[in-house]
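Trainee: Protein chains in written order, with the UniProt record's numbering: chain A, 1 to 152; chain B, 1 to 717.
These are calculated hints, taken from the structure and not from any lab test.
Heads up, some of the hints might be wrong.
[As the list claims (entries may be wrong)] DSS-like, lysine-lysine: derived pairs with alpha carbons at most 30 Å apart:
id: 1; chain 1: B; residue 1: K253; chain 2: A; residue 2: K10
id: 2; chain 1: A; residue 1: K10; chain 2: A; residue 2: K88
id: 3; chain 1: B; residue 1: K665; chain 2: A; residue 2: K88
[Said to hold, decoys possible] The following label-pair restraints were derived from C-beta to C-beta distances:
id: 4; chain 1: B; residue 1: R352; chain 2: A; residue 2: A84; range: 42 to 52 Å
id: 5; chain 1: B; residue 1: G598; chain 2: A; residue 2: A126; range: 44 to 54 Å
id: 6; chain 1: A; residue 1: L6; chain 2: B; residue 2: T211; range: 16 to 26 Å
id: 7; chain 1: B; residue 1: T211; chain 2: A; residue 2: N116; range: 55 to 65 Å
id: 8; chain 1: B; residue 1: D710; chain 2: A; residue 2: A143; range: 30 to 40 Å
id: 9; chain 1: B; residue 1: R352; chain 2: A; residue 2: G9; range: 46 to 56 Å
id: 10; chain 1: A; residue 1: K11; chain 2: B; residue 2: Q412; range: 14 to 24 Å
id: 11; chain 1: A; residue 1: N116; chain 2: B; residue 2: F330; range: 41 to 51 Å
id: 12; chain 1: A; residue 1: D121; chain 2: B; residue 2: Q182; range: 55 to 65 Å
id: 13; chain 1: B; residue 1: G144; chain 2: A; residue 2: K10; range: 50 to 60 Å
id: 14; chain 1: B; residue 1: P52; chain 2: A; residue 2: A126; range: 42 to 52 Å
id: 15; chain 1: A; residue 1: D121; chain 2: B; residue 2: E323; range: 49 to 59 Å
id: 16; chain 1: B; residue 1: P52; chain 2: A; residue 2: V13; range: 52 to 62 Å
id: 17; chain 1: A; residue 1: D121; chain 2: B; residue 2: P205; range: 25 to 35 Å
Ideal Cβ placement from N, Cα and C applies to all residues, glycine included.
Here are the chains, one letter per residue:
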Amino acid sequence: MTYDLLVNGKKYVVDVDGDIPLLWVLRDTIGLTGTKFGCGIAMCGACTVHVDGVPVRSCVMPVADAAGKPITTIEAIGETAEGARVQKAWLDIDVVQCGYCQSGQIMSATALLAANPSPTDDDIDAVMAGNICRCGTYPRIRAAIKLAAAGR
Amino acid sequence: MSVHDKLTLPVSRRHFLIGASLTGAGLVIGLQPSSSSAAAEAFEPNAFIRIPGEGKVVFVMPSVEMGQGIYTSVAMLLAEELEVSLDQVELEHAPADPTRYANPLLGDQITGGSIAIRAVYEPMRKAGAAARIMLVNAAARGWGVAPETCSAEAGHVVHAASGRRAAYGSLIKAAAAETVPQEMPLKPASSFKLIGQSVRRLDSPEKVNGTAKFGIDARPEGVSYAAIAICPHFGGKLRAVENGPAMAVKGVKQVVRIEDAVAVVADNTGAARKGLAALSIEWEPGPNGTLSLVDLEKRAEEAIDGNALPHINEGEVAKAEAEHGPALEFVYRLPILTHSAMEPMNCTLHVRSDGCDVWVGTQVMGRARQAVADVTGLPLEKVIVHNHLLGGGFGRRLDVDGIILAAKIAKQVDGPVKVTWSREEDIRHDCYRYLNYSKVTATLGADGMPVSWRHRVIGPAVMARWLPAFTRDGIDLDIMAGAETPYAIPNKYTDFVRHEAPEGMLTGNWRGVGATRNLPAIEGGIDELAHAAGVDPLEYRRRLLQHKPRLLAALDLAAEKAGWATALPPGKGRGIALSEDFGSFAAMISETSVDDEGGLKTERIICAVDCGQVINPDTVEAQIQSGIIYGLSAALYGRITVQNGAVVEGNFDDSPVLRINETPKIEVHIVPSSEAPGGIGEVGTPGVAPSLLNAIFMATGKRLRSLPIDHNELRRA
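My request is simple: use the sequences and hints to build the entire structure.
Mentor: Quick look at the structure:
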């Protein structure tokens with residue numbers, strides 16, 4: 001069956017089973033590889049995208065559930081005010097190392113700031129604990145979120 | 001002296017000792033122009049620099065980027081002498097070609113062992129200098145002036161006296177006709193413009209906007225996507241599988257069988273995973289089908305008294321033990337660990353009758369190419385490896401098992417195919433850091449200071465298969481790294497009991513390599529001795545390190561920053577761990593609290609590091625933060641269990657890693673140094689566990705000697 005997807009403002013028609021996770025449709029069918037596969041069970045956050053403005057783990061979201069709703073990925077998050085601020089803070093702090101988890105980190109951080117413009121350390125922990133980074137960029141992620149919040 | 005320390009010798013001796021011993025002949029990094037250097041479109045003075053007529057200067061990266069910041073650091077070295085600014089360059093992955101891109105200290109195109117900067121600090125600057133000299137000579141010749149009257153700055157040759165100025169791009173034809181200089185005098189450190197400055201990573205922008213390409217992101221035209229199930233039992237095989245249920249899934253094209261795995265190929269990875277999940281696969285458990293972790297630990301325990309090969313023998317340990325006994329004796333036990341890089345194992349191949357393309361992120365470019373040639377039967381030159389950014393390495397991508405597996409599958413697939421492992425496959429088929437036990441026996445003199453130190457290391461000889469040049473008389477020199485301690489103890493004896501994992505369970509290198517294996521016993525051990533002697537552990541170490549000024553300076557700085565002299569409230573403790581490896585010196589102090597229920601909170605970790613001449617201070621800080629968090633993950637959670645000859649854990653739910661909310665405050669302090677640069681990527685990891693064990697002892701009086709930390713043991717009775 002086909003599904004209409006609205007990704008980063010562009011419409012795609014995909015012909016896949018409805019239970020295929022959105023992640024693979026984004027990466028393989030549409031070709032937006034900025035969203036990453038890390039665990040497949042919503043434990044690491046690498047696959048985080050926004051559906052209807054809400055951060056979701058695309059590795060467990062069936063594509064059928066995302067059909068027809070606006071989907072934003074890392075490739076377009078810089079077009080939002082919060083996303084642009086977060087990306088700039090990520091550069092200013094030089095957060096990244098291997099970089100693999102950073103798409104998901106930025107998507108989570110952007111959603112955090114959109115919902116809570118001045119997060120405390122506890123607020124940051126509560127949201128960002130869902131995103132694993134094996135390079136250990138956590139101290140810089142925290143600093144970058146605070147910088148992005150301050151630069152509002 | 002550990003094998004890593006040898007690498008800190010001056011370059012000439014390093015080449016003699018390491019280069020010669022590894023390859024039978026001294027290796028020098030290729031500074032001759034490549035055959036295409038005469039081509040008009042670009043000036044290629046050597047394998048690392050390409051200057052086109054217009055646009056950015058291209059630097060070709062001999063090491064791979066897996067987060068450690070090497071692309072930025074190597075670019076800084078090249079740019080420093082070439083006299084270009086970093087916004088004038090773009091970076092390119094090197095192709096698989098050990099003849100041009102081998103690490104000169106390892107003798108192969110390998111990125112690992114925190115050895116890149118030590119190996120290329122001089123060669124990369126020389127490569128930059130050679131190119132600059134040729135450009136300056138070309139400009140001077142064109143202007144009819146002496147080269148000495150010209151200078152280079154920001155991608156231009158300048159003749160100040162006449163005010164003439166030529167962009168490098170305008171000189172490429174003339175420069176290509178110049179002779180490659182034999183002498184390349186290098187700037188003194190006092191003239192460095194880039195080296196020693198905190199420079200932003202060159203790979204940040206693409207990693208922040210989603211355009212960075214990792215191996216898993218390769219999408220060659222017509223690619224199919226494969227999910228894979230590998231026999232869960234070590235050394236087991238595929239017995240039987242029916243294709244039907246997978247083929248019934250929309251998008252599935254093919255089921256591929258190899259000896260020990262099944263792959264489902266589809267038009268997207270999601271369909272491939274769905275197809276794979278639908279299969280009922282029968283496995284032949286093989287010779288290890290009943291093994292459990294209890295068995296493996298029992299074997300390791302027995303190996304403590306196994307045949308040991310002597311390593312270091314200084315003084316007269318037996319005599320000292322007879323005179324100063326009874327000896328203190330303790331055994332430290334380390335678990336099986338995974339790497340769990342964020343990017344699961346993957347490899348994309350297009351195998352054709354006339355050649356093969358491989359898209360992958362690997363730490364071993366040359367070996368990757370060779371492995372694919374071996375599997376496909378193609379000549380080496382017909383295998384093209386397209387390297388990518390690595391979504392974490394940590395030693396996992398020093399092995400090519402995943403590439404071999406993917407090649408076997410791709411041989412049966414028409415067109416390119418990307419094989420992506422699930423997280424479960426990634427955890428259950430790692431090249432594990434295997435069980436590692438250390439038995440330490442020590443005696444103290446009347447003054448409480450150690451008179452003898454005996455350290456037996458029990459574990460696998462990874463180097464025997466991975467880099468045989470790093471073995472000697474059957475001893476894995478890596479696993480013995482630093483076993484003798486940096487401390488002034490008159491009588492020392494270390495030996496090695498080779499103890500391998502069961503057949504079929506791959507064991508390999510893990511961040512921090514030998515040092516992470518030995519430091520818990522060494523730094524836990526010295527702490528135990530200090531306590532037995534009734535001496536403050538800082539003071540005890542200081543007394544034993546008077547001959548080690550760099551390590552002592554790092555220790556003093558860390559102690560000052562930690563406020564060692566100020567007492568902590570009950571339930572809190574500080575612990576020290578020192579390391580001297582990778583050509584760098586690090587002192588780590590962990591501060592932790594333990595509650596009545598055994599709950600542990602690591603409040604703060606301080607690391608003072610002397611890594612010689614710093615290239616990019618921000619990278620040093622980032623790598624120490626990174627190494628600490630990697631080490632803390634392992635100290636708190638790292639433990640793989642085995643049942644029925646298969647790994648039990650499979651994902652981040654049952655094999656947890658550190659998250660941001662558990663991350664302590666980390667402070668990194670760099671000890672200024674003008675010594676030769678040391679490695680940094682692994683320096684932060686080894687000290688974490690022992691400093692934490694020592695802090696726990698200070699907080700609770702309980703001495704833990706096994707990892708990961710067991711909260712039940714910390715519960716107040």
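Trainee: Indicate, hint by hint, whether the structure satisfies it.
Mentor: Here is how each hint holds up against the structure:
1. K253/B - K10/A: 29 Å, holds
2. K10/A - K88/A: Distance ~25 Å between K10/A and K88/A Cα, so the pair holds.
3. K665/B - K88/A: With Cα atoms ~24 Å apart, K665/B and K88/A stay inside 30 Å; holds.
4. R352/B - A84/A: 42 to 52 Å: 44 Å, holds
5. G598/B - A126/A: 44 to 54 Å: Since G598/B and A126/A have Cβ atoms about 25 Å apart, the given range 44 to 54 Å is violated.
6. L6/A - T211/B: 16 to 26 Å: 21 Å, holds
7. T211/B - N116/A: 55 to 65 Å: Because 28 Å falls outside the window, the suggested range is violated.
8. D710/B - A143/A: 30 to 40 Å: Distance hint for D710/B, A143/A holds at roughly 33 Å.
9. R352/B - G9/A: 46 to 56 Å: Between R352/B and G9/A, where Cβ atoms are some 39 Å apart, the hint is violated.
10. K11/A - Q412/B: 14 to 24 Å: 37 Å, violated
11. N116/A - F330/B: 41 to 51 Å: At 49 Å between Cβs, range holds.
12. D121/A - Q182/B: 55 to 65 Å: The hint (55 to 65 Å, Cβ to Cβ) holds, given that D121/A and Q182/B are roughly 58 Å apart.
13. G144/B - K10/A: 50 to 60 Å: About 59 Å separates the Cβ atoms of G144/B and K10/A, which means 50 to 60 Å holds.
14. P52/B - A126/A: 42 to 52 Å: 50 Å, holds
15. D121/A - E323/B: 49 to 59 Å: 56 Å, holds
16. P52/B - V13/A: 52 to 62 Å: 41 Å, violated
17. D121/A - P205/B: 25 to 35 Å: With a Cβ separation near 28 Å, D121/A and P205/B satisfy 25 to 35 Å, so the hint holds.
Hint check: violations occur at hints 5, 7, 9, 10, 16; the rest are consistent with the structure.
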